Amino acid sequence: MQATAVCKRLLDLSLSRARSGTVHSVFDHAVNLEFGFRGLIGLIAEDKALTPYAVSVRTNAPFARTGVRADMAAYLGEGMLVIPDAQIEIDLSSPAHVELSVDAIEIRHREAPMTLLLLIEQALKGADAEMSLAPLVTGGAENTYTRFLAPRLKRLFYAVSLGAGEEAAQAAANCAGCGMGLTPSSDDLLSGYFTTLHLLFRAENRPEDKAIISNMAQAAAEKTNRISGTFLLHSGMALANTAICDLDRSIFTFMDQAAANRAIARVLAIGSTSGADMLTGMALALRQHIGGNET
Amino acid sequence: MIKLEVKKNAYYDSVTLMLISKELKKLDGVSEALVGMGSDLNKEIAHNIGVATPELDNAVSANDFFVAVACTGEEAFAAVLSKTEELLNKKAESKGAAYTPPTLDGALKIDPALNMAVISVPGKYAADVAQSCLDRGINVMLFSDNVTIEEEKALKTYAYEHELLMMGPDCGTAIINHVPLAFANVVKSGDIGIVAASGTGTQEVSSIIDQLGAGVSQVIGTGGRDLKKDIGGLMMKLGLDALKNDPKTKVITLISKPPAKEIASEMLALAAKTGKPVVVCFIGGDRKEIESFGLTAAVSLEDAAHKAVALSRGEKTVDYAGFAMGEDKAETMAKEIAGKMAKGQKYVRGFYTGGTLCDEAMKLMISDLGHIYSNIPLNAEDALEDPKGGKSREHTFLDFGDDAFTVGRPHPMIDPSLRAERVITDAKDSSCAVIMADCVIGFGSHPNPAEDLAAAIKTAKEQAASEGRHLCCVCAVCGTEGDPQSLSRTQQQLAEAGAVVLPSNAQATRFVSRVLANLRQEG
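First to last, the protein sequences are chains A and W. Number 229 in my numbering belongs to position 229 of the first sequence; there are no gaps in the numbering. Number 43 in my numbering belongs to position 43 of the second sequence; there are no gaps in the numbering.
Read the hints as simulated data drawn from the structure, not as lab findings. Since the model is a prediction, treat every value here as computed from it, not as a measurement. Glycine included, each C-beta is placed from N, C-alpha and C at the ideal position. Treat each hint with caution, since some may be false.
Some chain A residues close to chain W (C-beta under 7 Å, calculated; not the full set) [claimed, not checked]:
| no. | residue |
| --- | --- |
| 1 | S25 |
| 2 | F27 |
| 3 | N60 |
| 4 | F148 |
| 5 | G177 |
| 6 | C178 |
| 7 | M180 |
| 8 | G181 |
| 9 | L182 |
| 10 | K223 |
| 11 | T224 |
| 12 | N225 |
| 13 | R226 |
| 14 | S272 |
Using the sequences provided together with the hints, build the complete structure.
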């Protein structure tokens, strides 16, 4: 199993000291590992977007067919990730190291939020309106989840616009864990919202408010399952998968709409409705930024 | 009755959970169903829709998977459990089928009998990937371009020696054993085999064959450079040989731009030796030379389709250069349109997504028009300066699939928006009389390529009308009724926008020639 790209944070972690853990869960395209950190560590199939604290690997078969099983022992240290019983040894130091922090994305274009919003709104028109949260942005017919979440999100946005940390954290917790997927739709929405807030607070020169995002993410992560909570925690730390980072960079740094549309297509391909829900959260953050407190 | 099924610390991917949720709601006796992880909010939703139980509230955590249903009784709930298990197991069984292997070896492990690969990777890697496939005895369709001529020669030589197909590079269309590959149309099965060095030319011929009620046995693409001297027509030779030996192929059709002279002679000689009727469409090529080999020469892509179908039916071939609507009606309509135009309107602008269709249109019109300016000019002196950013000049034809337009954006058959913008831009030119456009449907193309074009045509005509001009827009749709976009639906959208829609590129071209001829007479 050959590593093709690794999140820089995971490499740093693997070089700090040796740790033992276990395999938490195994899917076709991903394996999650438990090392006692706040979030899980991931193995991701090469053709999927690399996520924070994860390594992309090339395999000849789905992970479930490679012999790796939940609860197997795993080791992380000296730049290596090892699952002995599945005969997996991954050298984390050899592949490309990828920076997945949106804080590293240069903001060169003031009009970026509006441009990005328009592109996302356009893309969400084709999303699954019955199952995803996209109607919150497109104005399409409500579904069980959008109806349930809309007033809660309103409270969340209001608290964020006031910079009220405790209220925002409470409101985020009240939105988390809602929806059908392995990562419930509202969690995907929140993670898109949080990473975009990191960019926008920087653009608005509100660095002191970034702590609010981290608090919201932690409060939300406690209200959902371990896998979904991991993504929420990462988004609170301004970390996002490669598709989201590429999307933000394409507009905030390069104002390249064609590249942005390609990245949007990759985001939409995540999970069943996860990608659409992440984009929904991004769009809501952008609308809040553009429309001010009235949104 | 409210019932609950819980799987502790169980994680299933979102696609499976969504599928289960949708399917359970369809079961008899189930009025409501909620599937998900046991987070507080999902429990609250369960309360809201009336499927909560005390167990759900007290014994289910955010890391547990649950199915909660409102159903008529135990029997209905048993069906829920059975369906849930069936879908979970089905997912497990279908993992191999659903999995997209990232490597060739991975694909072969899943199915060792694979014998055809479609390759679309950046050009600098394409030759290596193609060679890896050939080394394993796998036929190749190489969609990628930017492969050097030396690499192409090496790949094709190897493939020829090992009797493997090496279609491409830059091969956009093929139908192998009735499976359409890349940009291809839903064409009926039949006894006409095609070997072609032209993408949209092949689509035009195969689609018209389908429209005429006949069908194809195989469509083998060679890539546009195959008949150049450097390559020597290696894949056309192999393709001819394959069709010669294919019992399902009764008639062979060759499609290409005119090859190098010595290559043309070699191919025609080989075609004559197949023992089967062969229609040759070397677009703008030497008709007498083709006929000197006892082969049937076509005067257009449409004519090639008509002649192939006639031969397949054992009928005599005649040149098809007319109009499906009839000569008289076409002439009347052309005259009427020309009569509405303002003084000074005299030029045609052809905006194409298909390169071969653009080339064919120019070749059919050049003798009438003298000069046609283009990014793929018939004569070097007619090359249009800055085709993308600049203005059209007199009679101008543009291939929007050419590199000048596709750097950093998808091919116009996938994203036709740039062409639509140009339609509107040129409508503002008071000397523009006619705008011609193709609309290629089928697999690989935009889900509704007529949408943008129709909107642009409507705007363009309104713009011209507001300035006292009548703008004529002429379109031909390349595709079949069986295509996902549907031939008739696509034609209808364009007609409703005010376009004159003809059944083929050749007919569209002839119609435009008549409009321009009428303008010249009046003018």
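### Query
Once the shortest beta carbon distance from S272 of chain A to chain W is found, is it less than 7 Å?
holds (4 Å)
### Task
Please verify that hint: K223 of chain A, Cβ, nearest Cβ of chain W, below 7 Å or not.
holds (6 Å)
### Task
Would you check whether T224 of chain A satisfies its interface hint, that is, whether its CB is within less than 7 Å of any CB in chain W?
Holds. Min distance 5 Å.
### Query
Is the shortest C-beta separation between G181 of chain A and chain W less than 7 Å?
At about 3 Å, which falls below the 7 Å cut-off, the nearest Cβ of chain W leaves the hint on G181 of chain A intact, so it holds.
### Message
Interface hint check: M180 of chain A, Cβ to nearest Cβ on chain W, cutoff 7 Å. Holds or violated?
### Response
holds (5 Å)
### Query
Once the shortest beta carbon distance from F27 of chain A to chain W is found, is it less than 7 Å?
With a closest approach of 5 Å, the F27 of chain A hint holds.
#### Entry: Minimum beta-carbon distance criterion (7 Å), R226 of chain A to chain W
This hint holds: R226 of chain A lies near chain W, its Cβ roughly 6 Å from the closest one there, short of 7 Å.
### Interface restraint verdict for N60 of chain A against chain W (beta-carbon cut-off 7 Å)
Status holds, d = 4 Å.
### Message
Is the interface hint satisfied for L182 of chain A? The criterion is a beta-carbon contact with chain W at less than 7 Å.
### Response
Constraint on L182 of chain A satisfied, holds at 5 Å.
### Query
Regarding the hint that S25 of chain A lies at the interface with chain W, is the smallest CB-CB distance below 7 Å?
holds (5 Å)
### Query
Hint check: is the beta carbon of G177 of chain A less than 7 Å from a beta carbon of chain W?
holds (3 Å)
### Task
With chain W as the partner, please determine if N225 of chain A meets the hint condition of a C-beta pair closer than 7 Å.
holds (5 Å)
Checked against the numbered hints given earlier, this structure breaks none of them.
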